[in-house]
Amino acid sequence: MMKLLLALILLLPACSGPYTKAGGLYESPNRSYSFTPPEGWMKYKVDGSLLMTRDGPFSQYLLVQERTLDKPYVHTGKHFLKGMLPQEAAQVVLDEMRSDRVLVGFHLIDNAPAMLGGLDGFKLLFSYRDKEGLVVKSLYYGAIAGDRFFSVRFTAAEKEYFDRDLENFKKVLSSFEIKS
Amino acid sequence: MTSIRKSIFILLLFFSSHLMAACLHTPTPPATDQASLSVEEELQARARREQRILEESGSIIRDEEIETYLMGVAEKILPGSSRERRFLFRIIEGTRMNAFAFPDGVVYIHCGMLSRMENEAQLAFVLAHEMTHVTHKHAFRAYEKRREQAPGWAGGFGGPDPLPGLGAHDTGSMDAYARDLEAEADRIGFERALAAGYSPGEVLRLLRRMNHPPEYEKTTDAIVLTAHPDMEERILRYEAFLSRMEAKGGNAKNEEVYRFHTRRMILRTARLDLMEGRFPAALKGAEKYLEICPFDAEGYFLKGEVYRQWGKWEDLERAKKAYHRAILLNPAYPDPQAALGLIYFKRGEKGLARRHFETCLSVSPDVPEKAYILGYLKECIR
Numbered sequence: 000m001m002k003l004l005l006a007l008i009l010l011l012p013a014c015s016g017p018y019t020k021a022g023g024l025y026e027s028p029n030r031s032y033s034f035t036p037p038e039g040w041m042k043y044k045v046d047g048s049l050l051m052t053r054d055g056p057f058s059q060y061l062l063v064q065e066r067t068l069d070k071p072y073v074h075t076g077k078h079f080l081k082g083m084l085p086q087e088a089a090q091v092v093l094d095e096m097r098s099d100r101v102l103v104g105f106h107l108i109d110n111a112p113a114m115l116g117g118l119d120g121f122k123l124l125f126s127y128r129d130k131e132g133l134v135v136k137s138l139y140y141g142a143i144a145g146d147r148f149f150s151v152r153f154t155a156a157e158k159e160y161f162d163r164d165l166e167n168f169k170k171v172l173s174s175f176e177i178k179s
Numbered sequence: 000m001t002s003i004r005k006s007i008f009i010l011l012l013f014f015s016s017h018l019m020a021a022c023l024h025t026p027t028p029p030a031t032d033q034a035s036l037s038v039e040e041e042l043q044a045r046a047r048r049e050q051r052i053l054e055e056s057g058s059i060i061r062d063e064e065i066e067t068y069l070m071g072v073a074e075k076i077l078p079g080s081s082r083e084r085r086f087l088f089r090i091i092e093g094t095r096m097n098a099f100a101f102p103d104g105v106v107y108i109h110c111g112m113l114s115r116m117e118n119e120a121q122l123a124f125v126l127a128h129e130m131t132h133v134t135h136k137h138a139f140r141a142y143e144k145r146r147e148q149a150p151g152w153a154g155g156f157g158g159p160d161p162l163p164g165l166g167a168h169d170t171g172s173m174d175a176y177a178r179d180l181e182a183e184a185d186r187i188g189f190e191r192a193l194a195a196g197y198s199p200g201e202v203l204r205l206l207r208r209m210n211h212p213p214e215y216e217k218t219t220d221a222i223v224l225t226a227h228p229d230m231e232e233r234i235l236r237y238e239a240f241l242s243r244m245e246a247k248g249g250n251a252k253n254e255e256v257y258r259f260h261t262r263r264m265i266l267r268t269a270r271l272d273l274m275e276g277r278f279p280a281a282l283k284g285a286e287k288y289l290e291i292c293p294f295d296a297e298g299y300f301l302k303g304e305v306y307r308q309w310g311k312w313e314d315l316e317r318a319k320k321a322y323h324r325a326i327l328l329n330p331a332y333p334d335p336q337a338a339l340g341l342i343y344f345k346r347g348e349k350g351l352a353r354r355h356f357e358t359c360l361s362v363s364p365d366v367p368e369k370a371y372i373l374g375y376l377k378e379c380i381r
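Protein chains in written order, with numbering that gives the first Met the number 0: chain A, 0 to 179; chain B, 0 to 381.
Treat the hints as calculated values from the structure; they're not laboratory data.
As the structure is a computational prediction, the values presented were derived from the model and not from experiment.
Think of the CB as a built atom: it goes at the ideal place given N, C-alpha and C, for glycine as much as any other residue.
Treat each hint with caution, since some may be false.
Calculated lysine to aspartate or glutamate pairs in the EDC-like style (CA-CA distance at most 16 Å, straight line) [as the list claims (entries may be wrong)]: (1) Lys252/B with Glu49/B; (2) Lys70/A with Asp46/A; (3) Lys369/B with Asp109/A; (4) Lys130/A with Glu49/B; (5) Lys345/B with Asp314/B; (6) Lys345/B with Asp119/A; (7) Lys311/B with Asp69/A; (8) Lys311/B with Glu87/A; (9) Lys178/A with Glu26/A; (10) Lys178/A with Glu65/A; (11) Lys144/B with Asp174/B; (12) Lys345/B with Glu87/A; (13) Lys287/B with Glu117/B; (14) Lys158/A with Asp54/A; (15) Lys377/B with Asp119/A; (16) Lys287/B with Glu297/B; (17) Lys349/B with Glu378/B; (18) Lys369/B with Glu87/A; (19) Lys44/A with Glu26/A; (20) Lys178/A with Asp146/A; (21) Lys287/B with Glu255/B; (22) Lys130/A with Glu55/B; (23) Lys320/B with Asp295/B; (24) Lys130/A with Glu157/A; (25) Lys345/B with Glu378/B; (26) Lys144/B with Asp179/B.
Sample of chain B residues facing chain A (criterion: CB under 7 Å; computed from the structure) [stated by the list, open to error]: (27) Ser56; (28) Gly57; (29) Met274; (30) Glu275; (31) Arg277; (32) Pro279; (33) Gly310; (34) Ala370; (35) Tyr371; (36) Gly374.
To give a feel for the contact side, a few chain A residues facing chain B, derived at Cβ under 10 Å [unchecked claim]: (37) His74; (38) Phe105; (39) Leu107.
Kindly produce the complete structure, drawing on both the sequences and the hints.
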């Protein structure tokens with residue numbers, strides 16, 4: 000999924016059409032969630048996900064996703080189940096990440112309970128190396144609401160962008176509301 | 000595809016047994032003159048670079064016991080090889096049934112392959128095949144063949160995409176040459192393993208299993224699917240070898256020795272199967288490990304994890320039983336305590352949940368799930 004997203008985004012600057020400026024309140028098409036994107040960032044919608052970046056997805060991106068619990072993942076055969084605790088949902092996400100061979104040197108820094116959109120969820124902080132050997136850091140919040148799973152993820156080059164843009168991510172997180 | 004992944008992919012393709020082999024009728028390695036030596040040196044330098052990428056990927060398992068064991072089997076296949084330090088064996092973390100060799104004698108084998116093979120005879124045929132790629136300079140010969148076919152092609156040392164097109168999807172003639180090399184590795188490897196006294200029928204058992212793996216073990220791994228597209232052809236080839244040479248082989252299978260030395264790879268592969276959501280394969284792996292190490296708490300914990308994560312309500316009792324067994328074997332093991340706490344917590348049996356969570360924190364105050372456990376305990380007390 001991420002590879003498809005990134006591939007699409009790489010192709011986009013040439014036509015620059017699907018990128019739109021982020022700003023104001025964003026509400027998902029099915030009105031299941033809303034949040035306030037960072038000012039001055041660009042956003043791009045694809046397949047139920049919303050990706051936002053300021054300097055390009057290889058520098059930093061914010062990814063908001065909504066998926067049904069039974070939607071299969073790419074790298075692990077596991078999926079979410081109704082009634083899963085946040086810790087168990089976090090395990091599914093972690094297994095998906097760890098099964099992805101593109102993520103070289105995957106290192107889990109933190110795995111803890113956290114709120115997302117007013118719901119009990121989890122947060123994961125992890126790092127890995129990208130294609131150039133650059134260390135990339137990711138902060139991932141997730142929560143199950145009924146038969147859907149919501150996640151908000153911030154990924155950035157650790158040295159240059161992670162700390163710099165972390166505040167933007169926190170603002171998105173604090174404005175995130177799950178409505179259904 | 001990242002460059003690291005791309006590099007790994009290219010080297011897997013290039014150095015995998017599909018590509019490194021020679022003609023059935025050219026068993027003698029090519030003479031080494033000065034010019035070829037420099038090409039060989041460059042190939043070896045490139046091999047070292049690729050190996051460094053692999054080593055830095057974090058996917059190499061260093062396990063002295065299994066490496067020494069592999070070296071011992073290699074010594075049986077090619078006496079003197081360990082004294083000459085001609086080969087080095089490395090394990091890659093992964094569930095694939097795959098192995099490949101570099102021209103400098105470093106042979107990589109996936110822990111999934113070690114886990115799923117049944118005995119030393121099967122291992123010997125795999126190692127003998129890979130070692131033949133090295134001893135018969137298949138990488139060098141494939142390189143030379145490529146240059147011969149495309150005189151303008153200067154090779155890829157240091158270029159952005161070294162050795163392009165040597166993969167399985169290149170020209171028909173390169174494919175044919177790669178198949179020839181493959182056939183040579185099969186034949187000479189088979190002869191060497193037979194001469195070492197291994198039971199010849201085991202190679203067919205292994206190939207048939209690789210060709211038709213149990214449904215629960217299947218992966219969607221493109222590399223495995225493309226590495227040996229001619230598996231049926233290989234099976235026929237080995238059947239022909241067997242009909243001619245069966246009498247030359249011995250009876251050695253060394254099943255018990257093999258299972259003992261590979262036990263940790265079995266456990267690792269079962270964990271990977273669980274991570275990748277192949278629950279039946281993970282369960283089989285855990286049970287296989289427990290047959291070898293019946294008093295190992297980690298094996299029981301893994302078995303419990305498979306049952307619990309599978310998500311079937313009826314399996315939770317089996318999970319509990321496995322966790323209790325793990326605790327019985329190692330009372331200071333925090334993980335099964337936490338897992339039992341989770342089961343009881345979800346069932347609303349908060350007294351039992353609390354007892355297990357508290358025990359978990361008392362035996363290991365800094366477990367990675369501590370933040371979750373403290374939250375559960377708050378609710379249990381409420």
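Hints, verified against the model:
For a cut-off of 16 Å, the pair hint linking Lys252/B to Glu49/B is broken: about 34 Å separates their Cα positions. The hinted pair formed by Lys70/A and Asp46/A meets the criterion: a straight-line CA distance of about 13 Å does not exceed 16 Å. Proximity of Lys369/B to Asp109/A is assessed by CA-CA distance (about 11 Å); at most 16 Å being required, the pair is judged to hold. Distance check on the hinted pair: Lys130/A and Glu49/B sit about 15 Å apart at the alpha-carbon level, within 16 Å; holds.
Of the pairs offered as hints, the one joining Lys345/B and Asp314/B holds, with about 14 Å between alpha carbons and a cut-off of 16 Å not exceeded. At roughly 15 Å between alpha-carbon atoms, Lys345/B and Asp119/A fall within 16 Å of each other, so this suggested pair holds. Proposed proximity of Lys311/B and Asp69/A is supported: the alpha carbons are some 15 Å apart, at most 16 Å. This hinted pair checks out: Lys311/B and Glu87/A have alpha carbons roughly 14 Å apart, not beyond 16 Å.
Between Lys178/A and Glu26/A the alpha-carbon distance is near 10 Å, which keeps this suggested pair within the 16 Å criterion. Proximity of Lys178/A to Glu65/A is assessed by CA-CA distance (about 12 Å); at most 16 Å being required, the pair is judged to hold. Distance check on the hinted pair: Lys144/B and Asp174/B sit about 11 Å apart at the alpha-carbon level, within 16 Å; holds. Between the alpha carbons of Lys345/B and Glu87/A the distance comes to roughly 11 Å, so the proposed pair stays at or under 16 Å and holds.
With a C-alpha separation of about 11 Å, the suggested pairing of Lys287/B with Glu117/B holds against the 16 Å cut-off. Restraint check for Lys158/A and Asp54/A: satisfied, since their Cα atoms lie roughly 15 Å apart, inside the 16 Å limit. At most 16 Å may separate the alpha-carbon atoms for a hinted pair to count; Lys377/B and Asp119/A meet this at roughly 14 Å. With a C-alpha separation of about 13 Å, the suggested pair Lys287/B and Glu297/B falls inside the 16 Å cut-off, and the hint holds.
At most 16 Å may separate the alpha-carbon atoms for a hinted pair to count; Lys349/B and Glu378/B meet this at roughly 8 Å. For the hint linking Lys369/B to Glu87/A, the alpha-carbon distance of about 14 Å falls within 16 Å, and the restraint holds. Proximity of Lys44/A to Glu26/A is assessed by CA-CA distance (about 12 Å); at most 16 Å being required, the pair is judged to hold. Of the supplied pair hints, the one linking Lys178/A and Asp146/A holds, its CA atoms being roughly 13 Å apart against a limit of 16 Å.
For the suggested pair Lys287/B and Glu255/B, the alpha carbons sit about 12 Å apart, so the restraint of at most 16 Å is met. A distance of roughly 13 Å separates the Cα atoms of Lys130/A and Glu55/B; the hinted pair therefore holds under the 16 Å criterion. Only pairs whose Cα atoms come within 16 Å are accepted, and Lys320/B paired with Asp295/B is accepted, the gap being roughly 14 Å. Annotation: proposed proximity of Lys130/A to Glu157/A holds, straight-line Cα distance about 14 Å (limit 16 Å).
A threshold of 16 Å between alpha carbons decides the hint, and for Lys345/B with Glu378/B the separation of about 11 Å falls inside it, so the pair holds. Using a Cα cut-off of 16 Å, the hinted pair Lys144/B and Asp179/B holds, with the two alpha carbons roughly 12 Å apart. A hinted interface residue such as Ser56/B counts as satisfied when its beta carbon comes closer than 7 Å to some beta carbon of chain A; here the least separation is about 5 Å, so the hint holds. At a threshold of 7 Å, the smallest CB-CB gap from Gly57/B to chain A is about 5 Å, leaving the interface hint in force.
Residue-level restraint check for Met274/B holds (minimum Cβ-Cβ distance to chain A is 5 Å; threshold 7 Å). Annotation: Glu275/B was flagged as interfacial toward chain A, and the flag holds, the nearest CB pair being 5 Å apart, inside 7 Å. Interface hint at Arg277/B: satisfied, since its Cβ lies 6 Å from the closest Cβ of chain A, which is below the 7 Å cut-off. Interface hint at Pro279/B: violated, since its Cβ lies 10 Å from the closest Cβ of chain A, which is beyond the 7 Å cut-off.
The beta carbon of Gly310/B comes within 5 Å of a beta carbon in chain A, closer than 7 Å, and the hint placing it at the interface holds. A least Cβ separation of about 4 Å between Ala370/B and chain A falls short of the 7 Å threshold, and the interface hint therefore holds. Because the beta carbon of Tyr371/B sits about 4 Å from the nearest beta carbon in chain A, less than 7 Å, this interface hint is met. For Gly374/B, the suggested interface contact is upheld, since its CB lies about 5 Å from the closest CB of chain A, less than 7 Å.
Nearest Cβ of chain B to the Cβ of His74/A: about 7 Å, under the 10 Å cut. The hint holds. For Phe105/A, the interface hint holds, the least distance from its beta-carbon to any beta-carbon of chain B being 7 Å, beneath 10 Å. Contact between Leu107/A and chain B, as hinted, is supported at the beta carbon level, the nearest pair being about 8 Å apart and thus within 10 Å.
The structure shown violates the earlier hints numbered 1, 32.
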